[in-house]
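Engineer: This is what each chain is made of:
Number of protein chains: 2
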Amino acid sequence: MNCSTITPTIVIHGGAWAIPESLLEASCVGVQNAARAGYQILVGEGGSALDAVQAAVRVLEDDPALDAGTGSVLNVAGDVEMDAIIMEGQHLKAGAVAGVKNIRNPINLARMVMDKTDHVMLVGEGANLFASKMGISQVPKEELVTQENIKAWEHYQNFKLTVEDLSSNGADNNNTYGHDTVGAVAVDIHGNVACATSTGGITAKMVGRVGDSPIIGCGAYCDNAVGAVSTTGHGESIMKVTLARDVLYNMQQGMSSQAAAEKSLDYMTERLAGAGGVVVVSNHGDIGYHFTTERMAWASAKDGILNYGINPKETLTGKLLTEAS
Amino acid sequence: MNCSTITPTIVIHGGAWAIPESLLEASCVGVQNAARAGYQILVGEGGSALDAVQAAVRVLEDDPALDAGTGSVLNVAGDVEMDAIIMEGQHLKAGAVAGVKNIRNPINLARMVMDKTDHVMLVGEGANLFASKMGISQVPKEELVTQENIKAWEHYQNFKLTVEDLSSNGADNNNTYGHDTVGAVAVDIHGNVACATSTGGITAKMVGRVGDSPIIGCGAYCDNAVGAVSTTGHGESIMKVTLARDVLYNMQQGMSSQAAAEKSLDYMTERLAGAGGVVVVSNHGDIGYHFTTERMAWASAKDGILNYGINPKETLTGKLLTEAS
Chain A
5 MNCSTITPTI
15 VIHGGAWAIP
25 ESLLEASCVG
35 VQNAARAGYQ
45 ILVGEGGSAL
55 DAVQAAVRVL
65 EDDPALDAGT
75 GSVLNVAGDV
85 EMDAIIMEGQ
95 HLKAGAVAGV
105 KNIRNPINLA
115 RMVMDKTDHV
125 MLVGEGANLF
135 ASKMGISQVP
145 KEELVTQENI
155 KAWEHYQNFK
165 LTVEDLSSNG
175 ADNNNTYGHD
185 TVGAVAVDIH
195 GNVACATSTG
205 GITAKMVGRV
215 GDSPIIGCGA
225 YCDNAVGAVS
235 TTGHGESIMK
245 VTLARDVLYN
255 MQQGMSSQAA
265 AEKSLDYMTE
275 RLAGAGGVVV
285 VSNHGDIGYH
295 FTTERMAWAS
305 AKDGILNYGI
315 NPKETLTGKL
325 LTEAS
Chain B
5 MNCSTITPTI
15 VIHGGAWAIP
25 ESLLEASCVG
35 VQNAARAGYQ
45 ILVGEGGSAL
55 DAVQAAVRVL
65 EDDPALDAGT
75 GSVLNVAGDV
85 EMDAIIMEGQ
95 HLKAGAVAGV
105 KNIRNPINLA
115 RMVMDKTDHV
125 MLVGEGANLF
135 ASKMGISQVP
145 KEELVTQENI
155 KAWEHYQNFK
165 LTVEDLSSNG
175 ADNNNTYGHD
185 TVGAVAVDIH
195 GNVACATSTG
205 GITAKMVGRV
215 GDSPIIGCGA
225 YCDNAVGAVS
235 TTGHGESIMK
245 VTLARDVLYN
255 MQQGMSSQAA
265 AEKSLDYMTE
275 RLAGAGGVVV
285 VSNHGDIGYH
295 FTTERMAWAS
305 AKDGILNYGI
315 NPKETLTGKL
325 LTEAS
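Note that the protein sequences, when read in sequence, are chains A and B.
Basically the numbering used here = 1-based index in the first sequence + 4.
Basically the numbering used here = 1-based index in the second sequence + 4.
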């Protein structure tokens with residue numbers, strides 16, 4: 005697909021979970037900021053979907069209210085291990101990192117795996133070794149962690165909760181210690197699609213635990229023949245149904261982005277009682293978003309209009325241009 | 005599905021690549037041994053597909069002629085980092101490890117991730133930490149490595165080949181330094197399906213590189229509603245098309261195991277010029293296997309008959325019972 009009739013479109017999520025009242029405002033601001041950053045690249049600069057989703061996710065990673073990059077939650081050992089993936093739909097090229105420590109923007113490292121290696125995924129110490137070779141500076145863990153995330157970890161330590169208790173999965177959707185993942189999908193003027201997802205994971209996860217986010221077909225997938233998907237929610241459930249790939253298969257069967265998003269999440273509920281959310285864009289700019297958790301912060305930018313929301317069936321309109329732009 | 009009319013079936017692969025003449029005999033013996041071990045559990049003991057694929061892959065891991073467990077290839081730093089996944093189709097439960105070192109049977113550790121944690125995947129040091137907690141003894145790297153694999157690594161060092169040169173992907177199917185992955189799929193008398201895949205990866209891979217093998221939907225996937233798949237070949241290509249999941253989607257559209265295997269591998273060739281192989285079993289015991297590399301060692305056991313092969317369009321018949329059994 006290579007025609008100029010495609011309307012550049014970007015859709016963002018800031019995680020699907022039981023977002024507490026105290027984080028509603030910050031979450032909505034965060035996803036709108038990311039939508040603006042990505043849309044500026046797509047429209048203002050006529051840039052690629054790939055660059056747009058990377059820029060958007062970088063904004064989300066830098067936002068301490070969201071669980072990715074700065075703002076990542078702590079694993080059971082009190083450490084920060086982060087995961088990210090980026091993918092483009094023309095040649096299906098992808099880059100991912102998992103269990104990486106002490107870097108500010110895992111999405112940038114994932115892009116380097118895609119652009120500068122023969123591989124798709126690097127994990128653990130190997131990912132950090134590659135970051136050093138690429139000249140990415142290390143940051144102390146303390147710079148990535150918020151007071152709120154330390155409190156969530158202490159809560160876990162004090163009450164010996166299990167990871168299942170802490171996740172916003174299934175019955176316990178009111179738990180507010182889950183946190184979860186950020187992501188973006190986009191289509192550019194050339195009809196190229198891209199997706200990106202980044203996360204600090206879930207509080208008190210085991211050392212070395214990798215969820216859906218950096219897993220191709222689970223946390224993200226895209227294909228110029230169909231569209232792009234980024235997912236969020238209970239990572240282990242998302243992996244078991246390869247959620248991102250499943251949404252695109254539904255679209256390949258003729259469904260709209262929205263219908264496909266709803267069908268795949270309903271299937272995850274029926275089969276596994278797993279809750280989550282997705283954002284979707286088709287190769288011609290058809291937007292979809294849906295969540296089966298209590299809340300999901302999302303934002304979209306298309307045709308000069310920025311929409312966003314955080315509660316079910318809620319669509320608000322924001323300003324596409326900030327004072328500064 | 006829970007009826008007694010299902011014919012217990014297991015299908016094995018020992019890797020799809022340009023297997024040299026010197027390894028033909030050992031590869032064929034290896035996959036037959038694994039098929040016997042798994043089939044014995046399915047029929048002799050009326051056991052589960054899950055136990056059968058784990059036992060079969062353990063036999064393959066212990067075979068030094070095959071690139072998994074003992075016999076794993078060396079990464080660019082001369083180290084052994086192994087990956088494995090196991091999955092069952094009733095509840096879609098799965099366990100995977102990646103970048104794990106110094107253990108003899110990664111598939112056993114993957115099973116423990118599935119059975120004894122809330123997670124699906126553990127990587128790097130965290131995977132080894134979990135192995136220690138489970139009481140799995142560490143083995144020195146030297147016990148996992150063969151002289152042939154050391155020579156392949158030295159060849160890389162001497163000639164400064166790239167990983168692409170070393171893989172049996174695309175144009176260079178005659179290269180014999182690729183090595184590749186083992187796997188098994190099975191259906192038991194209860195109609196439960198399972199799959200397992202294990203690998204040492206590719207010679208001279210970057211430290212921390214994870215290919216398709218431990219990635220759910222790529223190296224393996226199964227669902228009682230359809231069947232089970234294990235894949236092998238150029239890992240990065242397999243990831244980009246989520247090969248295992250793709251085969252099952254084709255079966256969901258009505259294709260036989262064989263037609264689905266061929267369609268998905270043809271798509272990987274057309275889209276990415278990527279070569280590989282798959283073994284498949286449907287939930288009623290319909291067998292499929294196919295490869296687009298020069299060779300793939302495979303074996304199947306069903307209805308008391310053991311078949312195997314290693315060259316295209318070759319089906320030989322082996323002995324299901326060894327002298328000892």
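FYI, nobody ran anything at the bench for these hints, they're computed from the structure.
Any given hint could be a false lead.
It does not matter which identical chain is meant; a pair holds if it fits inside one copy or across any two.
[Unchecked claim] With a straight-line Cα cutoff of 30 angstroms, these simulated DSS-like cross-link-like pairs (lysine-lysine) come out:
#1 LYS120 with LYS155
#2 LYS155 with LYS137
#3 LYS323 with LYS155
#4 LYS97 with LYS267
#5 LYS317 with LYS267
#6 LYS155 with LYS145
Engineer: Next, verify each hint and record whether it holds.
Structural biologist: Results of checking the hints against the structure:
no.	hint	result
1	LYS120 with LYS155	between (39 angstroms within a copy, 27 angstroms between copies)
2	LYS155 with LYS137	between (35 angstroms within a copy, 27 angstroms between copies)
3	LYS323 with LYS155	neither (34 angstroms within a copy, 62 angstroms between copies)
4	LYS97 with LYS267	both (27 angstroms within a copy, 21 angstroms between copies)
5	LYS317 with LYS267	within (16 angstroms within a copy, 40 angstroms between copies)
6	LYS155 with LYS145	within (16 angstroms within a copy, 41 angstroms between copies)
Hint 3 from the earlier list is the only one contradicted by this structure; the remaining hints agree with it.
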